[in-house]
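Trainee: Go ahead and model the full structure; you've got the sequences and the hints to work with.
Next come the chains, spelled out residue by residue.
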Amino acid sequence: MVSHDDVNYVAKLARLKVDSTELDRFAGQLSSILGHVDKISELDLADVTPTSHVIKLSNVFREDAPRPSVERDEALANGPDVERGAFKVPPILEA
Amino acid sequence: MKYEPVIGLEIHVELSTRSKMFCGCRVEFGGEPNTRTCPVCLAHPGALPVMNRQAIRYLTRIALALDCEIPGKSIFHRKNYFYPDLPKGYQISQYDQPFAIEGELHVGVEGEIFRVGIERVHQEEDTAKNIHAGESGRIAGSLYSLIDFNRSGTPLVEIVTKPEIHSPQAARAFLNKLKNTLLYLDVSDCNMEEGSLRCDANVSLKPVGAEELGVKTELKNMNSFKHLEKGLTQEIARQMALLEEGGKVVQQTVHFDVASGEISPLRSKEFAHDYRYFPEPDLVPLVASAEFVDEVRAEMPELPEARSRRYMETLGLPEYDAEVLTSSRNLADYYEESLGHYQDAKALSNWVMGELLGYLNATGQELSDLKVKPGQLAALLKMVDSGGINAKTGKEVFAEMCDTGKDPSAIVEAGGLAQISDQSELEALIDKAIADNPGQVEQYRGGKQQVVGFFVGQVMKATQGRANPQAVNELLRKKLSG
Amino acid sequence: MNLLRLTATEALALMEKGELSSAELTGACLSQIERHDAEVSAFLKLTAAEAHQQAAAADAAAGERPPLAGLPTAIKDVLCTRGVTTTCASRMLENYDPIYTATCVEQMTAAGIVSLGKTNMDEFAMGSSTENSAYGPTRNPWDLERVPGGSSGGSAAAVAAGEAVWALGSDTGGSIRQPAALCGVVGLKPTYGSVSRYGLVAFASSFDQVGPLTKSVKDAALMLKYLVGKDPLDSTSVEYPETVMIPEDKDLQGVRIGVISELQTEGIDPAVKDVFDRAVTTLEAAGAVVTEASLPHSQYALPAYYILAPAEASANLARFDGVRYGFRAGGGDDVTAMYEETRSRGFGEEVKRRIMLGTYALSSGYYDAYYGQAQKVRTLVVQDFEEAFKQVDLLISPTSPTTAFKLGERTADPLTMYLSDICTIPVNLAGLPGISIPAGLADGLPVGLQIIGKAFAENDLLQAARGAEMAIGFDGVSPLIEGQDK
Numbered sequence: 000m001v002s003h004d005d006v007n008y009v010a011k012l013a014r015l016k017v018d019s020t021e022l023d024r025f026a027g028q029l030s031s032i033l034g035h036v037d038k039i040s041e042l043d044l045a046d047v048t049p050t051s052h053v054i055k056l057s058n059v060f061r062e063d064a065p066r067p068s069v070e071r072d073e074a075l076a077n078g079p080d081v082e083r084g085a086f087k088v089p090p091i092l093e094a
Numbered sequence: 000m001k002y003e004p005v006i007g008l009e010i011h012v013e014l015s016t017r018s019k020m021f022c023g024c025r026v027e028f029g030g031e032p033n034t035r036t037c038p039v040c041l042a043h044p045g046a047l048p049v050m051n052r053q054a055i056r057y058l059t060r061i062a063l064a065l066d067c068e069i070p071g072k073s074i075f076h077r078k079n080y081f082y083p084d085l086p087k088g089y090q091i092s093q094y095d096q097p098f099a100i101e102g103e104l105h106v107g108v109e110g111e112i113f114r115v116g117i118e119r120v121h122q123e124e125d126t127a128k129n130i131h132a133g134e135s136g137r138i139a140g141s142l143y144s145l146i147d148f149n150r151s152g153t154p155l156v157e158i159v160t161k162p163e164i165h166s167p168q169a170a171r172a173f174l175n176k177l178k179n180t181l182l183y184l185d186v187s188d189c190n191m192e193e194g195s196l197r198c199d200a201n202v203s204l205k206p207v208g209a210e211e212l213g214v215k216t217e218l219k220n221m222n223s224f225k226h227l228e229k230g231l232t233q234e235i236a237r238q239m240a241l242l243e244e245g246g247k248v249v250q251q252t253v254h255f256d257v258a259s260g261e262i263s264p265l266r267s268k269e270f271a272h273d274y275r276y277f278p279e280p281d282l283v284p285l286v287a288s289a290e291f292v293d294e295v296r297a298e299m300p301e302l303p304e305a306r307s308r309r310y311m312e313t314l315g316l317p318e319y320d321a322e323v324l325t326s327s328r329n330l331a332d333y334y335e336e337s338l339g340h341y342q343d344a345k346a347l348s349n350w351v352m353g354e355l356l357g358y359l360n361a362t363g364q365e366l367s368d369l370k371v372k373p374g375q376l377a378a379l380l381k382m383v384d385s386g387g388i389n390a391k392t393g394k395e396v397f398a399e400m401c402d403t404g405k406d407p408s409a410i411v412e413a414g415g416l417a418q419i420s421d422q423s424e425l426e427a428l429i430d431k432a433i434a435d436n437p438g439q440v441e442q443y444r445g446g447k448q449q450v451v452g453f454f455v456g457q458v459m460k461a462t463q464g465r466a467n468p469q470a471v472n473e474l475l476r477k478k479l480s481g
Numbered sequence: 000m001n002l003l004r005l006t007a008t009e010a011l012a013l014m015e016k017g018e019l020s021s022a023e024l025t026g027a028c029l030s031q032i033e034r035h036d037a038e039v040s041a042f043l044k045l046t047a048a049e050a051h052q053q054a055a056a057a058d059a060a061a062g063e064r065p066p067l068a069g070l071p072t073a074i075k076d077v078l079c080t081r082g083v084t085t086t087c088a089s090r091m092l093e094n095y096d097p098i099y100t101a102t103c104v105e106q107m108t109a110a111g112i113v114s115l116g117k118t119n120m121d122e123f124a125m126g127s128s129t130e131n132s133a134y135g136p137t138r139n140p141w142d143l144e145r146v147p148g149g150s151s152g153g154s155a156a157a158v159a160a161g162e163a164v165w166a167l168g169s170d171t172g173g174s175i176r177q178p179a180a181l182c183g184v185v186g187l188k189p190t191y192g193s194v195s196r197y198g199l200v201a202f203a204s205s206f207d208q209v210g211p212l213t214k215s216v217k218d219a220a221l222m223l224k225y226l227v228g229k230d231p232l233d234s235t236s237v238e239y240p241e242t243v244m245i246p247e248d249k250d251l252q253g254v255r256i257g258v259i260s261e262l263q264t265e266g267i268d269p270a271v272k273d274v275f276d277r278a279v280t281t282l283e284a285a286g287a288v289v290t291e292a293s294l295p296h297s298q299y300a301l302p303a304y305y306i307l308a309p310a311e312a313s314a315n316l317a318r319f320d321g322v323r324y325g326f327r328a329g330g331g332d333d334v335t336a337m338y339e340e341t342r343s344r345g346f347g348e349e350v351k352r353r354i355m356l357g358t359y360a361l362s363s364g365y366y367d368a369y370y371g372q373a374q375k376v377r378t379l380v381v382q383d384f385e386e387a388f389k390q391v392d393l394l395i396s397p398t399s400p401t402t403a404f405k406l407g408e409r410t411a412d413p414l415t416m417y418l419s420d421i422c423t424i425p426v427n428l429a430g431l432p433g434i435s436i437p438a439g440l441a442d443g444l445p446v447g448l449q450i451i452g453k454a455f456a457e458n459d460l461l462q463a464a465r466g467a468e469m470a471i472g473f474d475g476v477s478p479l480i481e482g483q484d485k
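Chains as they are written, first to last, in numbering that gives the first Met the number 0: chain P, 0 to 94; chain H, 0 to 481; chain A, 0 to 485.
No lab work stands behind these hints, which were simulated from the structure alone. Treat each hint with caution, since some may be false.
To be verified - Derived pair list, reagent style SDA-like, types lysine to any residue, alpha-carbon separation capped at 20 Å:
(1) P:K55 <-> A:K453
(2) A:K44 <-> A:R34
(3) P:K16 <-> P:G34
(4) P:K11 <-> A:T335
Mentor: Okay, structure coming up:
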């Protein structure tokens with residue numbers, strides 16, 4: 000079961016805000032989905048190697064050759080708040 | 000109870016590749032903000048990373064220089080956290096399958112050599128830069144921040160030592176040795192002021208002889224040798240005082256204030272880190288085959304130990320000279336380039352260690368600032384050897400070369416500093432000295448041989464030190480005896 | 000001639016002969032959009048003026064025509080198009096103008112297509128009904144009360160409504176095949192790695208693949224031919240090992256087809272099962288050697304997918320933070336508050352749900368239980384397919400367990416919605432190619448037949464799909480096209 004604390008914790012990690020009705024709803028829905036996922040625990044997976052890539056590739060490189068960057072105006076064009084050629088954000092509280 | 004410090008270092012090195020780790024934007028320092036960006040390093044939707052081959056070669060060089068084991072297959076992970084300088088919301092890094100493990104570096108401190116184990120060496124990418132706007136320019140109390148993505152995605156190698164360093168001095172010596180090694184490898188400019196070499200330290204205390212490590216604290220961004228040593232000294236003293244009072248060290252990150260020399264805990268995060276590492280699906284595994292590693296090994300620049308050995312064995316330099324000359328790659332390169340124009344290895348070594356390093360120490364300059372080119376130094380030494388100028392004048396000429404960057408011949412010519420070896424010119428001067436000082440002539444002829452020195456001085460004075468002292472000596476003895 | 004019924008292959012042939020111009024064909028599509036898209040809502044953004052220009056240019060061009068010259072194409076709004084707003088049907092990207100174009104779109108453009116605009120989808124491709132669009136749902140041209148499937152619902156509906164000759168979609172867990180099935184068109188998800196993902200806004204990077212939604216199997220092959228190829232900008236793309244062939248008009252003589260037994264019963268609507276069974280009989284009659292095949296772990300594919308895909312998504316969607324582009328909510332006093340406001344208001348419900356699910360599965364203490372185990376299940380699913388392909392050349396199942404459902408019918412319970420992809424997800428876990436072709440109608444609604452091939456064996460897959468298409472002989476079109484028949 001996914002608790003309210005779990006939802007709060009995960010929401011915080013994911014930088015999402017949840018109000019109290021969402022808290023209930025998400026806790027319920029995540030519990031139901033994970034309940035279905037728990038089917039996996041029927042399997043004995045001790046000797047199975049995990050798959051993270053289905054494609055059997057390795058060592059895909061690019062050469063160390065600079066390519067033109069985008070124009071600064073273009074880089075900034077989509078920025079919600081831009082100042083002095085940079086992206087502006089509210090103050091960063093000390094981490 | 001007696002305690003001893005246990006220190007581990009975590010070093011980040013920006014590689015001096017031409018382009019970024021995962022995109023083609025140029026790697027440079029500074030410049031107008033956001034002029035070296037693209038969809039990849041700005042993390043635009045749909046953009047994908049592709050590994051820079053050269054970065055992996057540099058990474059391999061570092062791993063080899065640190066005598067690491069390279070397990071062969073390594074993979075990249077995503078390290079997830081939110082911060083405005085991290086455009087994707089995750090850093091591409093390596094986690095449980097790093098590129099290289101189990102290395103070592105031998106470091107000399109106060110005449111003793113000690114070994115520091117290397118835990119791991121892995122590849123990752125650098126973040127962007129935050130510029131904090133506000134009165135202090137610091138993060139605390141700033142009104143807002145501006146983000147410049149020029150640095151975003153610069154190749155970064157992380158080197159983690161084992162907790163096997165036991166004094167601030169040793170930590171400093173390790174970092175110095177590592178920096179020198181990296182410079183030899185030609186993989187980074189290691190400019191600590193510009194942030195291309197950065198160091199964090201973990202420090203704890205344990206009772207002498209105990210196996211188990213104490214609770215550690217982390218010192219972040221010890222970005223100069225001096226700060227590292229001072230910060231560690233302070234933190235060790237703080238922990239020592241705590242333990243002696245019967246207190247406990249709390250695991251946390253502490254801040255060393257360079258100006259005040261004070262240690263203060265950083266306000267701890269209300270929320271612990273949970274990086275949620277998982278394999279980066281946009282990149283395929285990195286497999287360092289034996290052939291690849293051999294290829295990189297073959298192209299490895301000569302490291303300081305090997306170079307020092309070569310100086311002793313083939314150039315016949317004393318150990319002291321060899322150590323000094325190879326203490327930095329720049330210096331050794333300078334020495335060898337000069338040696339290409341001038342054959343006497345020991346004489347050259349004397350000049351480099353004496354005059355050249357003396358000048359740099361006195362003026363606080365770096366070798367890279369020096370105006371004298373290796374060819375010019377060699378030309379000067381040849382001039383001294385051939386008698387074109389004497390050694391004393393040579394030193395003066397060198398000083399002027401350092402100030403002006405002019406060729407020695409030009410300085411000698413302009414200053415009329417050429418050594419006078421011409422027999423007739425010297426004879427005339429000697430004759431005059433003999434004529435002017437009959438009393439001293441008498442003394443000499445009466446058996447007081449050392450008076451010859453007085454006459455040499457007279458001739459030197461008359462020539463402002465330019466006379467060839469050996470020739471003057473010989474001529475004088477002949478004339479005085481005559 | 001009803002231009003709206005033309006396949007790309009037919010249209011190309013007519014244009015080649017000078018019997019049809021791109022301007023006429025493009026005009027027909029745009030008129031159809033004008034007539035019906037207010038109710039269908041397949042398009043989020045129309046680029047009609049540019050389309051007219053491109054069509055005119057294609058008609059005017061002298062010399063050899065580019066291979067796909069003048070074909071009016073709809074592009075799923077998950078693909079970045081420089082200068083044309085790309086929203087992923089999210090409020091988060093409401094005003095986002097990409098600074099580059101996706102490689103696959105570049106390739107299609109180089110091959111000569113006319114771009115009609117960007118199609119609706121489930122937000123960030125998360126969904127099976129196109130109801131999770133911040134800009135309202137797309138409706139199924141066969142029945143406007145019903146969903147077109149998703150997430151490429153806009154692309155599927157556009158093709159089914161005759162609003163585009165064909166369309167680009169993307170498929171992470173069934174997002175091309177399932178809407179193709181529900182809209183009565185053909186949808187192909189290529190082998191993972193065949194088509195560049197550069198410029199495809201990532202949902203789950205190890206599953207996502209771009210592919211065609213078309214009116215015929217030949218069209219799917221034709222588009223695939225210009226989509227494949229190694230892209231230096233995508234490390235996971237490969238040089239396609241062979242030339243993509245346009246399938247011949249051939250029966251299924253000797254083709255060994257395995258019917259996936261696990262995907263016959265559980266949750267499959269009886270009406271769908273009926274159509275499917277009849278299709279199987281038809282394939283046998285066309286010469287196919289049909290046997291039972293087993294994917295013993297297929298029931299675990301959905302659970303594994305709903306860990307792995309949201310986990311990847313939780314990281315892929317972290318870049319939407321209101322700093323460099325996209326929506327930013329005001330009122331944040333510090334950067335963390337800004338992030339939370341922006342992401343809470345910029346993302347829709349389903350996207351937030353999946354981000355939370357994925358974050359949970361990766362978080363400290365749960366990684367091994369969820370993510371780690373799911374990766375192992377993925378291995379088993381891959382092995383299941385390898386085993387099955389030792390016995391047969393191709394595998395088949397229904398594409399979707401049901402026909403198109405009513406709008407709102409499944410929005411209350413996410414899990415019910417997730418089950419829509421029960422037949423398609425195993426294919427994505429294994430990275431294999433899969434195609435959905437119309438198998439017939441159940442209660443007047445299209446049913447899809449899914450055919451699955453071996454990795455990089457699209458030629459065999461498409462040839463068999465062509466054989467099946469001929470044998471089945473489905474010639475139904477949505478009422479929106481039929482109504483335009485002269």
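Trainee: A separate judgement is required for each hint: does it hold in the structure or not?
Mentor: So, going through the hints one by one against the coordinates:
no., hint, result
1, P:K55 <-> A:K453, "holds (14 Å)"
2, A:K44 <-> A:R34, "holds (16 Å)"
3, P:K16 <-> P:G34, "violated (24 Å)"
4, P:K11 <-> A:T335, "holds (10 Å)"
Checked against the numbered hints above, the structure violates only hint 3.
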